[in-house]
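Chain A is fixed; fit chain B onto it per the hints.
2 protein chains.
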Amino acid sequence: MSNTSYTELEKLFNRIYQLQHLASIGHWDMASMMPAGGSQARGEALAEVSVIINELISDTRTGDLIQSAQQSKIELSDWQTANLREMHRLWLNATSISSELVKAKALAGSQCEHAWRNLRAENNWQDFQPLLENVIDLTIEESQQRADASSLSPYDALLNLYEPGQKSTAIDLIFSELVEFLPAFIQEVVEKQADEAVIQPTGPFPIEAQRELGLTLMQKIGFNFEHGRLDVSHHPFCGGVAEDVRITTRYSENDFSESLMGVLHETGHAKYEQGLPEDWLNQPVGSARGMGIHESQSLFQEMQIARSLPFLKFSAPIIQSLLANEQTNEQCWSAQNLYQLNNRVKPDFIRVNADEVTYPMHVILRYEIEKLLINRQLAVKDLPEIWDEKMQQYLGLSTAGNYKDGCMQDIHWTDGSLGYFPTYTLGAMNAAQLYYAADKAIPDLCENISNGEFEMLNQWQKEKVWSMGSFYSIDELMIHATGEKLNTRYYINHLKKRFLS
Amino acid sequence: MSNTSYTELEKLFNRIYQLQHLASIGHWDMASMMPAGGSQARGEALAEVSVIINELISDTRTGDLIQSAQQSKIELSDWQTANLREMHRLWLNATSISSELVKAKALAGSQCEHAWRNLRAENNWQDFQPLLENVIDLTIEESQQRADASSLSPYDALLNLYEPGQKSTAIDLIFSELVEFLPAFIQEVVEKQADEAVIQPTGPFPIEAQRELGLTLMQKIGFNFEHGRLDVSHHPFCGGVAEDVRITTRYSENDFSESLMGVLHETGHAKYEQGLPEDWLNQPVGSARGMGIHESQSLFQEMQIARSLPFLKFSAPIIQSLLANEQTNEQCWSAQNLYQLNNRVKPDFIRVNADEVTYPMHVILRYEIEKLLINRQLAVKDLPEIWDEKMQQYLGLSTAGNYKDGCMQDIHWTDGSLGYFPTYTLGAMNAAQLYYAADKAIPDLCENISNGEFEMLNQWQKEKVWSMGSFYSIDELMIHATGEKLNTRYYINHLKKRFLS
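Residue numbers (the working numbering), protein chains in the order written: chain A, 21 to 521; chain B, 21 to 521.
Among the hints, a few may not be true.
Note that the list lumps identical chains together, so a pair holds whenever it fits in one copy or between two copies.
What the hints assert, rightly or not - Below, in silico cross-link-like pairs of lysine to aspartate or glutamate (EDC-like), each with a Cα-Cα straight-line distance of 20 angstroms or less:
1) Lys31 to Glu75
2) Lys31 to Glu64
3) Lys333 to Glu467
4) Lys333 to Glu350
These aren't lab readings, by the way, just hints derived from the structure by calculation.
Extracted from the complex, chain A is given alone in its bound form (with noise of 0.2 angstroms):
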């Protein structure tokens, strides 16, 4: 006998998969192929489809069918199981705010979106203020709905949507020590850098070479190319398919590290995608456990390996092969001064240029920020000196007046996505946790770094990581791969290790 309630639900999710993958190669198309014409209609179909892959997961018998395979007598087994929590929790997603404040957040939000491209270039903070505070105020509205519905507070039920099962009271006691850590440290890495040379490559680097460079590195460190690509986008993402995962970057002919570093951060996100449990793919069980996780892989991927001197040992050579040309001095490709170029810190405005020191506080300072907005404690309309205030205190830099650069930078609160935000520096610290436990499980890892193997490590993460997919919740699988929950002491170890060593 089986449980028929949760065979016809793994039949649902099944479908449910199937049309986002298609909607998930229609997204990379759109970014990547799609002529500009083509943008309405694509815009249309991905809209519908994911009107209807929303009319299934929130379908009354969807609800009925998962209590029922809950209260069955017949006994899942444990991936069974955490597959039917999965599917709960995406029901409740789906089905804990109200379709009308859907449609109005989504209104909104692509309003103020499609505003923002100009209105930020221009630097105009005035008529962008009422569109985000339309989309704040539906967010509040969201997040008071999704805290009804759990036993969340407004801002964890927005939060558990990217990260399911964490809470904000855990991260603030990991961000206070990082605010307590990070600014005099800022300090006193910028004084140390200030007395090393470092010569930067002069291109042009032919764009041609550029791909070969990344495509190479890309199949040194383990992505397959028999079910995946790399191709050009405007902004860099991974999308695809577990069993087909497109990932882009974009080229600069005067500045070849920003591509090939975007090119290895994606890959990370790829070979956790390609190393989901084959079995589950199908199944929400069978997808990565967060964007936490995931930030962590690409992370892992970038900071841990990419950007560390033995990794630039091996690939210094590669680089200079395809790279060098006459103009470039032939001591800009030593591995000291590539690690050295890989490795500046500045305190600067972006977020998204920013370097790995300084980018916790571009978070944390976002994440305090988003709180008080969901708590009715800050007003939109006082976001432009409470973001100068913070800047002053965790950067040493002014944004009075300068909105572009300011509060206006990022695309995330103006489709209303706040809790993401957080996720950046968890996947930061996750990264250095599991690179520490990694190094311990695997003998010699640096001197195979070095030596362009990648094979032991890339088991183990398959092992600790990408094969549980969402079997284990984000706690549980942090302690699966590295014997305990997240904690502060590996990144702040790593930090120390790689900048003031």
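Chain B alone, transformed into the frame defined by chain A:
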């Protein structure tokens, strides 16, 4: 007051259109971009979406809505009425065969098609025969179920899937005129061409230059690159959606002509899609009017225009400037030489490689045979024999023992697509008749073409064919565009003029 059932149907068919959009991009991606390892997952996603679409169309509620919309007292506009007629046709197509048969045929078809790829290469009729028998048996069953649900004969019920509203009695008449005319005509042309000296341009022709040539001529003849792309795939096709048409080609360094004519052929399909009625794209009435009319637009572009002397006068200098190299004889690039090269006639075994004059004989042979199969007047085991007989009769060639270049050469029957073949030759004939009408309507058409001016011609095609979508029946559309139903006269005159004058 509005016809609410009709309104609901428009919403339903919009949903279907959006799903088809993503499926179509998924198909294009599979053929042109996807890494090999993605094929199983993609196959599953496309299969699931086609099940969803079929469920949406054949739902009992859809039938009820159609009936209620037809009976409503609220009057519909002409286009809405035509749209409702097309919805009804699609509903009938989807509901007139049992779901068991759909599944059985899909399975048998995919087995036979899959095996065919190897068996054809091995010239292995013996192992192919039972697989094909299975498919043909199920297709006969399908034709009978479809006949029962309509007032059509079994063969016409299949034909109507591709040529809505057309009957084999009419096609029999048209094809009998060709059978009377062509075999002797082919002989005459072959004898005439035996004395012609043509100079073959010698390659290699770099693929980048060939691509540039294709793009240049596509642009000149009116392909809209804001709403479409050209890429590479193993089998050339026209896909995507009307708002974003994706055509493909393949290149050989030794022969530029096959790819170039292929690109222009697909551009003919693409311009039809790009010219469909903007306001109705997401509805059945907004789609192309069957395969014979679609093929008429590609053959209009390829046979009536691209292989004509005026077009080659215009394009010869462009071709020469992009492809000429030191090896090529200067004289080979003359319009007259290219014209002769592009219109060589030679009876041969393979349909897809056939010239304009012998092509209809390949089609008529298949049409005659597939009617016999459906009417149980021919057993699959006797296929090789009748194929050989008809090839000798029509083209003077024997295929005895040569299955791979005989009755095993095409993919169409392997998945049971009987009723499709006649659309190729109907398309060629429609094209000739349409060109005759365009030539009467547009002053100095030949001269315009020699000068690379296609605006008036495109405008005429858009008005007469493209923008009409499926508003008219096929016969009505030909009357709208040319003043009369399809007639062999224009095609035969075209052949005489091109090949014997």
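Looking back at the numbered hints, which does the structure fail to meet, lowest number first?
-> Every hint satisfied by this model.
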